[in-house]
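S.K.: Okay, here's what each chain looks like letter by letter:
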Amino acid sequence: MNGQTISLILDSLGPLLRATVTSTIPLTLISFVLGLVLALGVALMQLSPVRVVSGLARLYVSLIRGTPLLLQLFIIYYGLPALGVRFNPFPAAVLAFTLNVGGYAAEVIRSAILSVPKGQWEAASTVGMGYVTTLRRVVLPQAARTAIPPLSNTLISLVKDTSLASTIQVTELLRVAQEAAAPTYEFFALYGVAAVYYWVVCLALSVVQSRLEARQNRYVAI
Amino acid sequence: MTESLSSLGSLSSPRSLGSSALQADPLVSVSGLAKSFGDHTVLRSIDFDVAPGSVTVLIGPSGSGKTTVLRSLNALDVADGGIVSIGDVEVDFGRRPVTKRQVATLRAQSGMVFQSHHLFPHLTVLENVTSGPVLAQRRDRSEVEAESRELLRLVGLEDKAESYPYQLSGGQQQRVGIARALAIRPQLMLFDEPTSALDPELVGEVLTVMKDLAAQGWTMVVVTHEIRFAQQVADQVLFMDGGVIVERGTPDEVLMRPRTERARQFLHRILDPLD
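Protein chains in written order, with this note's numbering: chain A, 1 to 222; chain B, 1 to 275.
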């Protein structure tokens with residue numbers, strides 16, 4: 001590695017960090033939080049005894065899981081303008097990733113809710129709790145224990161999937177690396193820096209995951 | 001334990017409701033209760049009354065329908081037909097639809113103790129006991145906490161308030177379950193085989209708490225296989241088989257001098273399983 005490459009790497013550290021902090025991380029977190037809210041709704045719909053409701057939710061999950069994320073992104077950014085719906089790159093990416101997380105996390109949340117024993121619902125109702133209170137105070141806190149590892153997986157995948165947004169003009173980490181590498185042909189060095197940044201973000205999330213898991217385990221015998 | 005009970009005042013339901021428990025208007029009245037799960041008929045037509053301050057024990061072989069009777073009393077199982085009344089609340093299950101509100105009102109009349117306790121594992125013992133009054137009844141937290149600590153003292157677990165359920169023995173868990181059920185200030189306590197899932201040496205501590213409650217004047221309906229408990233505590237014993245009440249009467253009548261062959265055989269089997 002010559003001096004020129006090293007100085008190029010050093011020069012890129014700042015802009016790539018900026019792209020990570022101002023684009024990749026917000027894109028990930030906003031999409032994930034919105035996606036979780038959507039997923040909870042979809043999961044509850046899937047568990048509904050009303051067939052139309054659960055059927056709609058299942059169709060949604062099936063569509064999201066059955067089509068490529070890149071294609072979902074393209075449909076929203078390049079496809080919807082044909083119907084007169086136009087988004088800027090960042091909101092288009094948030095929408096695509098939210099819908100995507102909504103589909104995958106719905107399955108996780110649904111199975112986590114089902115993992116809570118029926119007796120918990122019954123006990124809650126015998127002390128007077130209704131559906132919403134039971135869900136909020138009894139079922140979801142216990143479901144969280146089951147759901148945290150797979151949801152962490154979803155989140156960590158999402159960090160890396162946000163690189164797909166580079167294809168719809170979002171200046172996130174990968175795109176900034178591409179733009180820096182293109183004129184110099186220093187692909188290895190700059191993509192290497194980008195890879196390290198993705199990895200560090202994911203490492204940090206893994207640490208958060210273990211903390212959360214430890215917290216969830218405070219009420220079970222290990 | 002009995003001493004702490006008398007200090008509970010508003011929490012206990014005294015026998016003074018009627019001059020004699022058995023002559024007073026019934027607190028619970030069940031008539032024509034029927035229930036099927038699919039093709040399987042569990043309850044044919046169940047009728048019985050429970051006097052205020054009295055203890056009714058349901059016995060019978062598994063599958064006889066006794067647990068379904070108990071669960072119908074607070075609508076965990078919604079009967080297909082028949083009338084259940086508890087105090088001023090009456091639900092006619094034959095008149096459809098039975099609304100959520102009717103179910104909730106009926107359910108609020110009784111405290112339920114489950115075979116496998118169903119404590120909330122993510123909440124401390126105290127939070128389990130306060131869960132009904134605070135989260136569902138929206139009562140004042142500090143008042144409820146004081147009352148709940150008193151209930152924990154009643155079941156001998158005041159020092160476990162901050163523990164999680166997994167840190168307790170099976171008997172202690174079941175006593176917390178009793179305190180949690182009492183905390184909603186029910187008119188009636190329901191026990192669904194409260195000692196069947198316990199190690200034998202832990203059965204006594206739970207039965208002792210239940211005896212204390214009975215002595216204090218709580219109206220109780222208990223599904224159990226503990227025949228000695230029934231003998232000592234019950235005012236009325238119902239022997240069920242095949243979805244009907246086959247025998248009913250005092251413990252002496254049903255347990256000591258059963259009239260039917262079915263009851264005789266059942267009692268013989270559980271009192272002398274090797275014979």
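FYI, nobody ran anything at the bench for these hints, they're computed from the structure.
The model shown is predicted, which means the values in this text are computed figures rather than measured ones.
Do not take every clue at face value.
[Said to hold, decoys possible] Estimated spans, in silico, between C-beta atoms of each pair:
#1 B:L271 / A:V132: 45 to 55 Å
#2 A:K118 / B:V89: 40 to 50 Å
#3 A:V132 / B:F37: 26 to 36 Å
#4 A:L59 / B:S29: 47 to 57 Å
#5 B:T41 / A:L56: 35 to 45 Å
All C-beta atoms, glycine included, are put in the ideal place defined by N, C-alpha and C.
S.K.: Hints first: check each against the structure and report whether it holds.
M.R.: Outcome of the hint check:
1. B:L271 / A:V132: 45 to 55 Å: Given a distance of about 48 Å, which is inside 45 to 55 Å, the answer is holds.
2. A:K118 / B:V89: 40 to 50 Å: violated (25 Å)
3. A:V132 / B:F37: 26 to 36 Å: Between V132 of chain A and F37 of chain B, where Cβ atoms are some 28 Å apart, the hint holds.
4. A:L59 / B:S29: 47 to 57 Å: For S29 of chain B against L59 of chain A, whose Cβ atoms are near 49 Å apart, the range 47 to 57 Å holds.
5. B:T41 / A:L56: 35 to 45 Å: holds (37 Å)
Hint 2 from the list above is the single one not met by this structure.
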